Every structure is written in C-alpha cells, then in structure tokens.
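Student: Residues per chain, in single letters:
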Amino acid sequence: MPLRFENDFLKKLEYLHVVSKRALAGQNRADRLSPKRGRGLEFADHRPYAAGDDYRHIDWKAYQRLNRLLLRLFDEERDLSIYLLLDVSRSMAEPAKFDMARRIAAALCYVGLAHLDRLTIIPFGDDLGRESSPGRGKGRIFRVFESLEQLEARGPTDLRAACKAFAARPRQLGLVVVISDFLEPGAAPAQEPADADGVGPAVKDAIGPQAGLKILRTIGHDVFAVHVTSERDRDPGVFGTVRFVDVETGEVREIEVTPRLAAAYVKEAEKHADTLEHFCGRYDIGYVRADAERPFEDVILRAFRQGRFLA
Amino acid sequence: MTFAALTAWQAWAVLIGAAGLAAALFFIKLRPPRILIPSLSLWQRVLDASTELTLWERIRRAVSLVVTIAIAIVLALSILRPSRIGGAGASAHGRTLVVLDSSWSMSARTRGRETRWDRAIAEARRIAASSDQVAIATTADGLVQGLTDDSVLVESALARLAPSAFGDTSWPTVSGVQSVHFVTDGAVPHHLDRSVVIHSVFEPVNNVAITAFDVRSTLTGGRRGPDSQVGTAYLEIANFASKPQTVHVTMFRGKGKIADSNTNLAAGEAYRQVVPLARQGDPALHAHIEAPDNALDVDDDGYAWIGRARPLSVFVVGEHTEWIRRLLTNDPDIRATFWTPGTYRDGGQDVTIFDRWAPPTVSGQPALFFAPPDDTPWLAVPGDSAKDERRPRWDFPGDHAVLRGVDPVTLRIDRARNCESASLVPIARTSRGMPIICAGESSDRRLVVVGFGPAESNLATAPAFPVLVANAVEWLGRPANRDLSLRPGLTPFVGPARITRDDGESVPLTQLPASSFGVLAAPGLYTVESAGARNTIAVNAADPQRSNVARTTLGSGTNTAPPRNPLERPWWLACALAAFVLVFVEWWTWQRRITV
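So the sequences go chain by chain: A and B. Just so we're aligned: 169 in numbering that gives the first Met the number 0 is position 170 of the first sequence, and the numbers increase by one with no gaps anywhere. Just so we're aligned: 34 in numbering that gives the first Met the number 0 is position 35 of the second sequence, and the numbers increase by one with no gaps anywhere.
With the rest of the complex left out, here is chain B (with noise of 0.2 angstroms):
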C-alpha cells in the first residue's frame, strides 16, 4: 500500500499518531469552573443514589473516545488519500498510458445526470488504480501528466481536465509505457493503433444544437439610412433527437430581442431561420436555442459580428482630394472626413488617406499613401534604385490582399515613384520591376504606399480604382483573418495580436514573428486587436459532426466503461464525509449532554 507521497510506514505512523493524539487530547482535563454552593449535602445523595449509572456512564465516555479516535483517522485517511497503486494484482498492468478524448460531445449528459466526460475519469481512475505507473493525456492538451505512482498527481491532473473543444493534437506517445488506454464517446474518428485499448463511454442521447450562424450581406446593403439592411442573420438549428421537440429560439442583438419563437422539429429535422438586420444598432448577435432533451450546452449558443453595422472612419488628408471624396462619400460602411495639410489633426480615425502629401513622420494610425512627395524622408529610395519610372507597365496584380480583384491592364500610368523603403514590402511591381505599390506592417501599424496619383495616371477612372481602395481600407481597418467566425480551440492569427474576450479578459497568445497563437476556449466574441486596427469575430460551437451525439463511430467490439454509480466517488471523500458526520453527531451530543 502506498499511501499518496509518503511511503507506508510514514503513513502508518501519521495515522497512528493522529489516533494517539486524538486520544491524548480527550483525556486532557480543562480546569473546570469553581462554583460555590451552600452545601454539598444534597450532591452527596444524589451521587449516592445515581451510583448505578456509573457503568453506563462508563460506556458512554469509551465510546466518546472512540467516535473521537474515529474523527481524526478519517481526517488523517481524507488528507493522505491512501491507495493501492501497484498491489500484487495490478502489477500485470505496469505502465500505462490514459489518453482522454476531450472533444466537446464529451459533455454530453446522458440519462444519470452524469456527463459521458465524468464517466470517462472515473474509467481513468479505474485504470490509474490498477496499475504500477500511469501517465494521463488527452486529445486536445496532449500529455498532461508524465508516468507516475502518485496518485495524488493523477488525481490532481484528472480533476484540472475538461473537454476543451476542438483542436485537437497528434496522438499523445509515452516512451516505455507498455499499454495505451482510449476514452471516448467516438463522435470524433480517430486513426488508432491496434494496441491501443478503446474504452467507450458513449450512450445514445438526444441533443438540439445551433448548426449554423452568421451575417450573410444582401444586395440592399449598399443603400444609406436608417432603415436600409446591413444583411441578414441566418440560424440554422438541427433536432438530434429521436423523437420531436419543440425549440424554443431566441435572437439577440445587443441586449435588443430580434426574435422569439417555438419551433416543432420531427426528428433529424434541420430548421433555418434568416433575419433581417438593420444597418443601425448594436453590431453584436447571440442566438439561443432551449429544448425539453438536450444533453449539450455548449451548442445551445450561437454568435455573430455585424462588421458593417460600425463605419470606419477615414480622414483624407490633401489638397485636392474631389477625385476620392465621391467614392468615400457614397460607401455606407465608410465615415470620412476631409483634411488639408495644414489642418490635419491625428487621432480619432480607423484608417488616414494621404493623398500626395505625408506628414514628415511615418502615421501611427493605419494610412493609404497615394503617390508620396518625393523628399518624405522616411520613404528614401535606397542609393542604387531608380526614384522613379516613366509609362511603366503592370501586368501582374500580385496576391496581397490589397490587390485582390484589381485588373492593373485598365490602368494607364504617365509616372510611377519607386515606393521601396526598409520598411515596406513591395507587392506589385512594374513590368521593370520597380516597385510602385508596397506595404508594410508592424506591431502596432500597417501602411499602403501606392507610388502613383491621379494626376499622372487615369486612376481616378480607372475600374482598379474603387477595388484598389476598398481592399486598402479594408486591410488597414481592420485585422486580417482568414476567416471571422471561428471554432472553439487553438486558433492561428496573422502577425502579432491581442486577444480580448467580451467580458475584458485577455487571451493568452503565443506570439511568433509572423503570426500568434491562442486558444479561444469557449463560444462568444472575441476583439482581436492588431497592426493598430480592431475587429471582433466570433466562435461558435456550431458543428452537425459533434453535435450529433446518439451515434459513434466506435465498433461494437470496444469495451465500454459501465454507467458510473452516483455513489463512486474518490473514497476519500467518503471519509471527509464520515468525519464531518461524526463531527456533527459528536457535537450534537455534547449539546445535548448525551455524552461526556
């Protein structure tokens, strides 16, 4: 027997002791209370006459002792948590890896109340109990806790476990272990070794789940005013169930309802709901979905990002900036605002246009250059490049983000400036290769230098116009993902970011030069923060795959975990337990003068 960090003499001995203790502790005598009477003579006969009682008086305090005695080895047993790891019947087993699968459909309550994740720590457990060493991993944290014969680590490491959604890892490997352990529900495949031992822990069990939801644009989003459409919301809700049920749905923007409705799906039955949005109001969407058999949470929520329904606001900064103004002016999802040179106030803005003139230091806010003067001191052309290039050609509209869907052929160019600089990246060149559109980003800005204006190019006509700036916009107002509505999990970002959950709370994030990586555990909206610019996307759960949870992919020859009886809890919580009632019954009686 081993008993949790220490060895088993040293264990015996702080049960022995804290027994000992107990004991010499109730006999210890507090100096009780002088009381002054004006006779002993009547205490002298009642002693007389209650001389009978003195045996039992006698029981009574043996089994005080005894209770007492009791108390403080359940509370030393509850506080060592002994148990036998490694008895001669579980040697068999020797080392032994426990891998979890930790997949969201392992919340999944099933018929007891209990969750299919409960079920499959307490098969852990089991394993654990019987064998010599074991190390304990899941699918989506990996090894979380290295081979071991403490029990309290295992305990520890399999209490601090959850399902913790999507992302899943490469299957866990622990040299030296002579058995790999599998507990799953099998909502989610995996390609598993033959050695490995799947236990299951799955049952069948109805579930309602949000299986789509987003803002989808329409074609009257273009319009202005109060009442004009910024898009719609669709939902789509599935029944995983066996039989019907009636879902009630729920839509939120903001803390407005949108809608309120019961449903009636059959069974198998999807349901799809589109709402539309206006363009005012709060930007933020959350979907609810209640049904009398649903056994997860965690899709019952959907959200969504109105990213239009919030402007950006863009300052123009030149001279002579008509030729932009109409194309500004008539974007409903741009707020712009007009500056001269001499007038230009920073601060305020998502993205600055600087239209043939820079300020003499590089913007800290995200700005769109057009065709910079040529003494900008933070744009100098390195020695041996050419400064600029007269009637040049470009042909090739490169993949940067900025340049997607711009047709260059429709440009015509007289005078191209050379836009590269130690800063900036070029991303279209000339057929000469002279770069004439580069750009640039940091941790805290982004920049677009295009090398050409209106007035030596037909720009301001051409059809790569608009294209060119709502891209530019675009990039620099907001972060780039590749995509704005996300899964519960580890999520890559572009470049260096900051994370922030709806509630304030910041999301850990491993920075890497180029991109950064967090963990986006629950469903909600998240602010991502980057280059200088502010977007929220959201995450969602939603997904018909894991949603699903009356099927398996498991095989009928996998061993399945039996149902886990309410009452198997780790024993040591019994003992806590019986402490805590032997506590009270002693301090009840002691009350009550029942015992000594």
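So that you can see chain A by itself, here it is in the shape it has in the complex (with noise of 0.2 angstroms):
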C-alpha cells in the first residue's frame, strides 16, 4: 500500500513538533534550542571575558559601566537527532498493523524534516537494518516514503539484541522512537505481585523489550515507545478447537478456544499493555498506544499529542 498523506495532513503536521523531554545538542543549527551556548539569537548569560574568545561578544555597555571585560553568552540552536527504530519483524506482518507502524514513522519524518531535524530511520527485527537518513528539509519526505515502502515484515523479534547493537554504535545524543508491537517470542517478564502504591505490577529484572528500552535510556537517550496493536493481539475472536500458529517461530499449539478462555486472553493482553505503559512510566520513556484500527489522523493529531510526543 503506497504511503501518501494529504495536502491538509501535512500542512497539520507541520505545526507540531517533536518534543524531547531532554535538551540534546546536535550538530547542525537549527530551529531547536540546545545546551551550547553558541551564535544564537537567544540572550542567555555573561562570563568573564578570557583570552582567545571572540571580541565581537564582548559586552562593551557592561564594559562601561562595570569596568570589566564580559563576554555576551547566546543559547545554540541545533537540530535533533531522531532515531525512528521500526519493528519490521514477522508479528508486525498483519497489513493492518505494519501500515499503521509506517504511517506513524513518515509522520514523525515529516514532522522532523520540517523542523529541520536529523532523522535516521533503523528498522529492526533480532538486529537493525539497513539504516536510512533522508537528509534535512520536508522536501525529503518522498525519500521517506520510498524507503519505508520497501520495508517487509520478515524474521524474529528482538528487542533486547537490536538495542545492544544500536548502542554499540556512537551515535549523537537524541530521541529514539520505538515503534513495535513489542510481542517476542517467549517474552514473559517476571512481575512482581503489585506496588505498595497499588499502582500495578512492577518490573523486577526487564528482559524482552523492556530490556531494549532500558538499554536506550541507560545510555542517555530520550525514548519513546510506540505501541502498535491489533485487534487480532487483543482478542483471539475465535472459538472451539484452533491450531494457533506463532508467525514468527512457527510454533504451533491447538487450543480450545472456550468463552472464558477468550476473556482470559483479552485480559493478559490488556497486562501487557499496562505493564508495558507502567514500564515506561518508571523509566521516564514516553508511552503512546496505536490502535491499528484506530483513524491514523486520529493516532497522530490526538494520541500522540496527549502522550506529549507532539506539541
């Protein structure tokens, strides 16, 4: 399915932006305020003129009236590095489910280049793949799209492993967008019973994609998890005897789907979700869930802006 918004969609988003819950510095200028104090057009501070610094900041008015040389400090502003990991394993095949996964990543693209931000799109699977950085400027959307299109949903999942590569790698400092279904094979992380503030189950030791996340916030930078899902993860919608079939390990495993049984599996899937959101509450990451039937227009312009992603 050919990945294309609509003029006005677009015009939407490029009155958002990303939010980062951290200043980052980046490496080009752009239109994002930075820790550096540098050549910005923001007043930001004075300090003590020393040798070698650059006389054309020097505060000559403060000169006059101190008697002391102070050097005029600006706050830089630098683009943002935006890393959009994208689960592109074989849980994610689901049409419904992968489409949504894209859309949401072009949006964010689109809303990067328009603010001039450095994008890098890494999809993953149980290692990263071919990374692709469009460049700067909305212009490259098209870019995005092209790459994004060619994408197919293939191999196993794993979270924890395409983290540790990314890390290994030096990477600039900034925001990193986990988009996934965050469904593993095996992934079942130990719980503990409950808070003492009876907020939900807590997370002892993360394994799974809570692990990956840690791992991207350990090393400093400001994550957000995208949580894709589809009506198909939530409910089993089937009843009687079913040959369950795991897309990505092809384990199969006949179940008699009974009506309780059912409510049991919509129930965990809702755990999983809430464990997954209280997870990232812990860790300081940023938590939207997408509804792969949910309007896209809807996710973007609604979920994200409430789960602060997008302002």
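The set of hints was computed from the structure by calculation and includes no laboratory data. Just so it is clear, the structure is predicted and the values come from calculations on it, not from any experiment. C-beta: ideal position from N, C-alpha, C; glycine also.
Simulated coverage check for chain A against chain B, where a stretch passes if three residues somewhere in it have a Cβ under 8 angstroms from a Cβ of chain B:
1. 170–183
2. 239–248
3. 252–261
4. 266–278
Interface residues of chain B toward chain A, partial, derived using beta-carbon atoms under 8 angstroms:
5. 31
6. 32
7. 33
8. 36
9. 37
10. 41
11. 44
12. 45
Join the two chains into one complex using the hints; note that each chain is given alone, in its own frame.
Tutor: Right, here's the structure in full:
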C-alpha cells in the first residue's frame, strides 16, 4: 500500500514538532534550543572574557558600567537527532498493523524534517536493518516514503539485541522512537505481585522488549515507545478448537478456545500493554498506544499530542 | 425382553453399537483451523494461569460424552421400541383377542378432554402388554390384526384404527385365543358370550345432537313459479345433557344461510324446527348446531338434498306428442322439450321418451318407449313368440318400481306389442303371458318399453297414465335407492354405481353383478351415478340412541378402565422427546461454549 498523505494533513503536521524531554545538542544549526552556548539569537548569560574569546561578543555597555570585560553568551539552536526504530519482524506482518507503524514513522519523519531535525530510520527485527537518513528539509519526505514502502515484515523480534546493536555504535544523543508491537517469542516479563502504592505490577528484571528500552534509556537517549496493536493481538476472535501458529517461530499450539479462555486472553493482552506502559513510566520513557483499527489522523493528532510526544 | 422385530441379543447389539458409534464420533477430532498469530507468548501466559480449570474442563467433557451417548441410546430405543411382551408374569394371559367397540359414540370427549376411544386404545395397549400374543379387532372392521407377539404390528394396528360409525360386523373370532376382551362404552348393546371380559371406557358426558334432518314435501309443491315452495326442511335437535343448554342452530342452503337462531333446551328436551324451502335455489342443505357442553362432533351436522329443486330434463321425440305434452308441461319437477324424429339430437337430457318411434340403435340415455315400431332392430322378438296380441288383458300390475300404484284395470288396450328382448326383462305380462311392459338396466343406461301407445289404447285418458309416466321417469332419471337419507357406514347400492363425495373424491366400492357396496364413512352429501342417471343422497349420523352418550347398557359388574393419565403415552415417545431435549441442550450449551 503506498504511503501518501493528504496535503491538508501535511499542513497540520507542519504545525507540530517533536517534543524532547531533554535538551540534546545536535550537530547542525536548526531551530531547536540546545544546552550549548553559542551563536544563537537568544541572550543567555555573561562570563568573564578570556584570551581567545571572540571579542565581537564582548558586552561593551557592561564594560563601561562595570569596568570589566564580560562576554555575552547566547543559546545555541541546534537540530535534534531522531532515531526511528521500526519493528519489521513477522509479528508486524498483519497488514493493518504494519501499515499503521509505517505511517506513524512517515508522519514523525515529516514533522522532524519540517523542523530541520536529523532523522534516521532504522528497521529492526532480531538485529538492526539497513539505516537510512533522508537528510534535512521536508522535501525529503518522498525518500522517506520510498524507503518505508520497501520494508517487509520478516524474521523474529529481539528488541534487546537490536538495542544493544544500536548502542554499540557511537551516535549523537537524541530521541529514539521505538515503533513496535512489543511481542516477542517467549518474552514473559517477571513480575512482582503489586507495588505498595497499588499502581500495578512492577518489573524487577526487565527482559524482552523492556530490556531493550532500558538499554536505550541507560545510554542517555530520550526514548519514546509507540505500541502498535491490532484487534487480533487483543482478542482471539474465534471459539472452539483452533491451531494457533506463531508467525515468528512457527510454533503450533492447539487450543480449545472457550469463552472463559478468550476472556482471559483479552485480559492478558490488556495486562501486557499496561505492564509496558507502567515500565515506561518508571523509566521516564514516553508511551503511546496506537490501535491499528483507529483512524490514523486521530492517532497522530490526538494520541501523540496527549502522550506529550508532539506539540 | 423382545425388541420389536429383533431378537433380544440383536437389539442389545444395536444399542451397544449405537452407543459405541456415538462415543467414537465424539472422539473423532476434526482438523481445527490454522490461525496465524503474532506471538504465542500471551497464550502461554493465559494457559499457565488457567491450569486450575483443567479438572473442570475434564468434567465438562465427560458430561458432554455422557449426554452424547445418552442421545444415541434413546434414539435407538425410540426406533426399536422395545417392550415386554410375554414376560414371566404375563405368560398367564396367553393368547388374547382384543375387540374395540368402534361405534362413533366412542368419539365422545370425556371431562379430561380425551375421548373414549383414546381410553380404549390405552386399555388395549395395556391388555396387549400383558399377553403373550394378541389379536386386534373392531366391531365395525372385524379382525384388523391377527395373533402376533410383535408390538410394532400391534401398535401400528391400534394407531390406524378410528371410530367408524355404523356397520357393525359379526362378532370377530380367532381360533386359538384363550381370552377375549371387549373394550366398549356400552352405547350400543351387544349380545356377548359369558367368557368375554368387558372393559368399560364409559364416562357419562353431556351432548347435544341433531337427531333428524330431512326435506319433506308440501301440498303446495305442485305449483309453479319462483315463490312456490318445494318443501320444508325438518330439523330435530335433542339435548342429552343433565343441565339446560343454549344451542346455536344454523341452517344453510348451498352457501346462503336460511336459519340462524339460539334455542334454550332443558335437560333431555328435544326441539323441532321446520323451515320452508323455496323451489328455486341450491338443492344442498346443511344444518349445524353448537352448544357449550357438547361431547360429540359427528352428530352436530346434518345434511339433506332437495331433489325437486332441480327438475329432470326430459326429451319427448315423436310426430304426435300432444297426448303427453300437457302431462309433462304441468309437472314442476320436469322440464320437457319436444322433438320430431327428424330434428332429434341426443345429449343433455336426463330421460328421453320415444313416442311410437325408436332410433335404429339403442339410446345411450335412460329412455321410455311407447309402442315402438315393429321393425325396431334392437327389439326383435324371439322367433317362436307372438309378436302382438289383440285385446290383451293385464290384470296384475307387478311389483317393479315403474308399476308401483299403476291400476291396469282402468286400461283398455286394443293391441299390444310383444316387448320381449334379450336385453330387457318383462315387468308386466298379459293374462296369456306376453310381455307388454319391459325394463332393462345395465351399467350405463336404463330402458322401459311399453308395448302399446295412445293409438291402440285409452292410455292418454286412463288414471294409470300419469302414475306410469311419473314412475318411469323417476326410475329412469334417478338411481334407485331404498333410502335417500342414510347413516354412515357400509351401504349397499342397487346395481353397479359410482359414488362421489361432495369434495369430488370417489368412494371405493365393491361391485357385485346386481349391487355394489361402499363405506360412506362421514356424514355429508354423496353423488350416486348408476345406469346413466345421477342422484344425490345425504348421509347423517343422526341417531337418538347413539347420541345419548350419558347412558350405557353396561352393567355394574363391568371392568372399568381407569381414566388415562395424559402423561401415559407410549414410552418410546418419551424417549424421542428425551432425545430431542438432550440434543437441544447439547446444541444450546455448545453454542454458548459451556460444554466442549
């Protein structure tokens, strides 16, 4: 399915920008405030002049008043490095889900390109795929569309291994957006009964997808998890004897789906999402759930803004 | 235990096989559908969490298996219908003949809304179940099932029987039976042997009945015109109840209602109603009564036929027919048409009168011949017989229907022709023995030949003339029956006939050379066709003796069958019902995924 957005929707995206909870310095000038002091337009502070400083930044009015050489400092506006980690494992092969994930990635790319951020699209399964950087400027969105359209869902998922591979390479700290269904073969997080405050189950030793998110957070990136789910993930939708086949491992399991078992599955799927959200909350990781059946514009313009990811 | 037509071991084998087959089918696993899912991890967690349900699941699966086997067994039982015919305790009864009283008083509904017949059938089943071998008979049909130990045959015979009105046959006998049981309500007395065990199904119930319904002629019937009466409808109703009742009476002529009234009848009171009938109109009459406490339905309807409402069509063929014209044109029951021999066309008439002329071949319609010509080929007199007789004497009128009431003494005949023929039977002879009036009847026509005419006798002016013509036309135009108002049951008809019900269905008849027999099962109007003529007869169940279902002729020492429990049905019906319920429960629980 070709990835194309309507002009009206693109205009709406241009008014948005990606919110980073932390000020991260980029490499190029842009319109995003960075922690560095430099040649920006916004006055930030003074400091005593030292040999070698650019004398063009000496505040002569302050010298006249204080008889001291003070140097004017400005906030430097830099770009933001945004890494879009897109899950392309077989578990994402369901057309509605994979399409939603790619469209979210495309929309975030357009928002970043419109604000001159540095974007890197990294597909992953059990390892990182071929990275692609479209460049800067919103005119590059078509290259993003092309690269996303060429992606295919295949192979198993191992977010932990993918994140370790991501962390193994030196990269500019930035915003890492993980777009995935966070379903991995055999990934059952060990859980404590409940927190003292009763909020919900706590993760003692993060394994599986949570472990990957924790790695990204630990090395200093600002991390955001986009949890893409579909109706099939949340509800078996069938009754009777069914032979379920895990698309990633090929494992077959014959299950007699009774109404009670189906209800338990729905509950477990909900708990899986809640556990992930709770984990993200504990580690200051942004979390947004994107249901594949939900209108795409509604996900971007409403869910992402409510999740404080876009503003 | 004997299982229907199977031996015990065969029946057990069928039952075990059915149960085994059901169990095998239960365990056959259908290939489940394959569904691709993103991950089995969630299912793994769900199944780990629900392991405590395994025991419950096993129990449900076991219950479902038991239900499935039970369905198979009860279905097999309901098909095989096993019964204990001839157990150790029942062998003392030996071979039994069960005779059911099938008079229509057995159709009376009791207070429990079942009929006496239902009780009788239940009693017959009970007797059959305690006998080694049983034969079934009814008072109307005789033996309907010979001695057998097959419960299916007995049940089949009982299922197809029904009260069949009148026509009681001789008492059925079966050789070798050790006991005879008669199940009756005692409405009709039977002279029975002392050894017959009588089982009474009598229970006094109230009834209202039409006890008489007929059409009676009136003195004004001879007048012509649309306002003239053809007769009166006579209706008699009786309240055979122990309390007063309001009876709603309606009477229809064709589809039009000619009487509609409510009548209060005291207990045991009879009510008579006479309704004048106009000449013009539908000849079919139907009376119907309704009452709140009325046990019998068959006597609530009465039927009658106004024969004179439809005049006979008579063709008169001859050169000089004035002598008979006045007689026919003044008869309101006859519509006469006059032809000369040259213009005569056959067809459409009920009777043809040939006046001193005869067609070369015998007519296909009922026909009356006066003085046919001597050279009529189909009236050739045998060689040694006299062809005519001068001044014959006719002294004895004979007993044929054509001659009923004819006074031959008033006739003065100058010359009479011999009417003897191979196809005719002499019904009047001269004193010398020469046939002068002959009648012939075959399956498709009737003929009357009078050997003299107005030219050689005073026939046109004699008192015997109108009687003779009226008798002949009536005999020719309408099939002869002893009675035009009959009771339901086996009925004889004169000569070969064809009987058709008012709904067009033919009544099967047993044809004999001179008569035929048929069973007129239900009240109503029946069309009789015989010898080329057609008539309609009414069959009514009206009978004060049998409609009074509040009394019985049985004595106090009679075995009385207990009222049948409405739940007391053949047990295999309960099996079939149980199978249906189990299938429904299994289907319902399967739909709701309660069972596996």
